[in-house]
Each structure stands twice: as C-alpha cells, then as structure tokens.
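Each chain, letter by letter, is given below.
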Amino acid sequence: MIYPQKLNSKKSNLLVRFGVLLSILVALILLLLNRHFKPRVPWAAIANGGIIYVWVILFYSIKKNINIAGHVLLQTLALSALTVFIDYQLGFKAWSLDIIIPVLIIIANVTMFVLTIISHKNYIKYAMYQLVISLFSILPIVLYIENITHNKVMCIIASIISGINLALSLVLCARDLKETVVRKFHM
Amino acid sequence: MKSKKEKKLYWRRLDNSAKIFPISAGRKYSTVFRLSVVLKEKINPKVLENAVNMALDQYKSFKVRMKTGFFWYYLEENQKSPIIEEEKDYPCQYINPRTNNNYLFKVTYFENKINIDIFHALTDGNNGTTFFKEIVYNYLELMYPEVFQEERRARNLEIVEYDTEDSYVKNYDKKAKSNASSKKAYVLRGNFLKLGAVSAIHEMIDLNALKEESKKHEATITQYLTAVLIYSIYEENYKKSKSKKPIKVCIPVNLKKYFASKTMSNFFSYITLEANMEDKNMDTFEKILEFVKVDFKNRLVEEEIIKTMSANVKLGNNPIVRIVPLELKKLLVRLSYIEIRKYTTITFSNIGRIGIIGKYQDYIDYFLFLIAPESVEKIKCSSCSFGNKMVFTFTSILDNNKIQKRFYEFLKERNIKVEIESNGVLDDISTEIK
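Residue numbers (my numbering), protein chains in the order written: chain C, 1 to 187; chain B, 1 to 434.
In case anyone wonders, no lab produced these hints; they're calculated from the structure.
Predicted model, so just to flag it, every value in this text is computed and none were measured.
Worth double-checking, as some hints may not be accurate.
To be verified - No more than 25 Å apart at the CA atoms, straight line, and that leaves these computed lysine-lysine pairs for PhoX-like:
hint, chain 1, residue 1, chain 2, residue 2
1, C, 184, B, 170
2, C, 184, B, 314
3, C, 184, B, 46
4, B, 194, B, 88
5, B, 60, C, 125
6, B, 67, C, 178
7, B, 215, B, 257
8, B, 67, C, 125
9, B, 88, C, 184
10, B, 170, B, 287
11, B, 417, B, 287
12, B, 257, C, 178
Claimed, not checked - Negatives, chain B to chain C, calculated, CB over 12 Å:
hint, residue
13, 13
14, 111
15, 177
16, 202
17, 285
18, 308
19, 317
The beta-carbon is built from N, C-alpha and C at its ideal position, and this holds for glycine as well.
Kindly produce the complete structure, drawing on both the sequences and the hints.
Set out below in structure tokens:
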C-alpha cells in the first residue's frame, strides 16, 4: 500500500462560511428594524460598519505568518475608514478627519518608529508598510489645504511625527528601503 | 543576536515560465507536480527532516518563498525550515504559500514512501528530480552512515547557489515566429469526482518488454505510450462524442537537452501533437502510431521548440504586459485562462529514467511522478522509470477510469507485464483492473 486509506476531502471552512452568513443575516435584520422604527441615529448602518470592520480584521488575522507592520497598516486604514463612515452617518461633523485620523497616524508612526529602533536589522520586512503609512500620513495636510479639516494643530503634529519617522527610517535603513522598492516594483 | 546576513535577503525574479503559474494557480488549478520514491523500508520522519534540510543547504534555489511585487511575484530567501508531515491529502494539491513556512514545495511521507509536491513556479520536473534525488541520497546516508561513508565522500556535494540567470531570456530568438495552432482541442467528457478528490492510478510496466514492443514498431517509448494514450482516449471517450476537434497531446520538453544551462529553475518547453481523428481516418492503433511518429519528427526539432519558447518569452517581455499591475494581471489571466487551456486535451510528461548511483539503488523499490489534473484537462499523464520498472501514472478528477483501463488492457494484450497501484479513490475499478 503506497497511499493512506483515508485522504482529506476538500476543506470547506464551514465555520467561516456560517459566520459570514450569520453576519449578513444580522445586518439585514438591523437594516429592516432601522427602516421600521426610523430612529434619529442610523445605528444599523453604524453597527454594520462595525461588522465589516471585524471581518476585515478577522480575515487578515487568521492568516499565518502575518507581518506586524502589516497589522499596523491595516488597523490604521480600517479604523480610519470605520470612523469616517460613522462620522458620515452622524451628520458629518468632520471629527473623524479633525481628530481621529491624525491620532491614528500618530499612533501608527510611533509604532513603526519603535519597530524600526528595536529591530532595524529586520527593517526590510517592514519597509513597504512604512512607505505606505508615510504616504497615508500626508492625508491630514492635504485635507487641511483643501479646507476639509480645520484642526491645524493635529495636522501639524501628525505630519511632524510622520516626517521624523520617515527621516529616521531613511537614515537607518535607506539601503533596505531602496532594495525593497527595487524588488516590489521590478518589471 | 541576528546575523548581519538576515538584513540582505537574497531575491530573484521568476523565470519566464514561472511568471504565469502564481498568477493563474489556485485550489482548482494547482500547477503542482509530485515526485515519490518507494523505499524498501518504513520512513523515519526525523531523519527525513534532516535530509530535507541538508538538501536545502546545498540547493539554495529551493530555500525560497514567494513574495508579491507591484508588477510580478518574486522569490525571496526563506530563513525558516520546511515542515515535514505524514501524507494526508490527495496528491498535487495547491500549495498555499502561507502554510509550510512559506515553502513552495511540501515533503510528506507514508509507510515506505517519500513524496515531494512542488509548485511549478519554483522549478520543472527535471530540476525537481535533481533536488528530490539529493533528499533521497541524504536520507539513506543518514540512515546508514557506515554503508554510505565512501559514497558520500565521492558524491559531488558542491553548494548550488541561487540562480542568477533566466535561461529562457538568454536563449530565445527574438525573430522566431509563433507556431501555435489556433484549433481548440477535444476536451475529455465525464462527471467529476466529488469533494475535490483526485484519483491516481499507477501502471507499472515491464520496461524491457515495453522497449522491445516499441522497437518492433520503430518507435521510441514516449511515442509508443503517446499512441496508446491517444488510442485509449479515442476508443473510450472520443468515439462516443460527436466532436470533430482534434485530440491534442501536450508533451513537455526538457530544454537542457538543447541549450547549455545550469539553472535550477524552470527550463522546459513543450510540443503539442494534434491528432485529427476524423480527417486522417485514424481508427486503429497502427494508424495512430504512424501519425505520432511523423508528428514527433516534425515537432521535436530545435527550430520548432525555439519558436514555442520564444513566443512565450516575447509574451512575458511584452512592455504592455509588464506594466500592467499584478492584481489586474491576475484578474485578466484567470478570466482568460480557462479558454487558453482548451487548446490541449491531455498532457503526458515523461521525465525518463531516474538515475540513482551505486549502492543506493538497493534500498529503492521504484519512483513515481504525478502531475495535477484540473477542470479542463481532467486527466493528466506522467511517467518515469527506475530499474526495469516504468511507472505510467494517470491523475484524474473524472469519476470513471475507462481510459486508464483501456490503456492497461492494450499493453496486456501485447504481452507487456503491467501491475496496478492506486490511491483508492476509484477503488472498485482499480481492483477490477487487477
């Protein structure tokens, strides 16, 4: 005999499928209730935004061998999107753009700063995420220039921290950054 | 403390053939092939793990993982060790790059057998065999150090560094024109096996008897087996349909026979035999064999092989293809690939004799070579030989084995000794064959 008698059949991830189906069902029920009771706050949309956020994070987290810098980037982007969505649902007072996104950018940059300091020998693994976070960090300034946000202080603080972080990365790991760009963008 | 080396992880572009595999591959189209060796005794997993790690230290090109770039995937040095497990899946399953510590191959064992499943983006059957043989040599040397002391010393154990050249790009002809046929191929009919099962049926053929029979017809073994295969398809599948499309058999060709190359990456091309059954009135085996011999003669020539290879290189080097972002490439390739694959009925890959040196042969029963079937090419065939045993393997996702059975009966009728082994998926029929 050269093969095991029982071989695995197709692995269908039933638990995940059941979870997604249940989430869709809950989301639909929430929307129906919302429509029926017509509350002042569209809480069904906010709750559904939360459900989507949870699934995005869950799908990313259940993958093995995930880069820690990848988590930082994903959380920054996902939380930014979620808060903008909630802000929009509550009448768009721009608090997400004035406060939350700059704070998220500050946290992301400080985290990347710490990562760079403690493991700059492995920096090549984080380089790409660092570049994307730096690119995203320009957002508050752009929004301020375009007159969409009004909190100048937060924009400046976020931009300075992001600038310092990028400068430090360039000083410590310029070669790695260049190498990463060459690898990722080879044609 | 982490070494300075960790900072500079080696990386390389995918070779020209490999570019397409990660873009098109998925659970239903794995592009994985398997090599197995059946030894004369039970496998020791711990020793196997050491043997694999030793082989990886020697063949650096295999110690890599796949990374995603903006335009293409690429390979990067992998600092982890692969995970060796007992066999529990069907052969040639999709290798999820996120499992097995990101390796693009998977080593498993069962009873007396060692398997290596290799994702085609990493290498081809010929180079895969070289690496697999190294694992087998290491395994036997670790199991019996006193027996193989001299052999180990005599073996060339030079470290084969990472590949730096793409032999396709080095050898292709910019002016060569494509010779690809525009005719779609006959697609095998039948119901699929349930739950993603893959059947593997190995027909173990007496090599001397097969050689003699082929010689009688002035054909090579590959030509003879190809003709038997076309005949079996014709009798068991084609005749029952009203299709007028040709039976097209894709035969991979090892390009190292035509060009000097030391690459351990892919370096193969293929020829496609196009049997127009109705037009040429090919209703007997003899007529089919005559056609196969002539078509082989016409197609298996350097000029034709260069044309096929060059067309593929030109496509990979096309500036428009190159600037399309990877995610868009994936979308376009996956949408078009089902259609593209309809230009082949079946693939038959013969890697030939697996040469094992000296005393090592005494510990080996035979080798197996398998390639992954998929939704369009529902059956794929492969073969290799060791000693006087040629193992012709059918891997299939169809729920019947009529073609396999006809193939077996044909050889038996010609007094060629054939034994059957299978993975039991089509058990009732496999036993029926016996």
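To see whether the hints hold, each was checked on the structure:
no., hint, result
1, 184/C / 170/B, "23 Å, holds"
2, 184/C / 314/B, "22 Å, holds"
3, 184/C / 46/B, "37 Å, violated"
4, 194/B / 88/B, "17 Å, holds"
5, 60/B / 125/C, "20 Å, holds"
6, 67/B / 178/C, "17 Å, holds"
7, 215/B / 257/B, "23 Å, holds"
8, 67/B / 125/C, "11 Å, holds"
9, 88/B / 184/C, "36 Å, violated"
10, 170/B / 287/B, "40 Å, violated"
11, 417/B / 287/B, "24 Å, holds"
12, 257/B / 178/C, "39 Å, violated"
13, 13, "6 Å, violated"
14, 111, "7 Å, violated"
15, 177, "25 Å, holds"
16, 202, "8 Å, violated"
17, 285, "30 Å, holds"
18, 308, "24 Å, holds"
19, 317, "10 Å, violated"
Figure legend: structure checked against the earlier numbered hints; hints not met, in rising order: 3, 9, 10, 12, 13, 14, 16 and 19.
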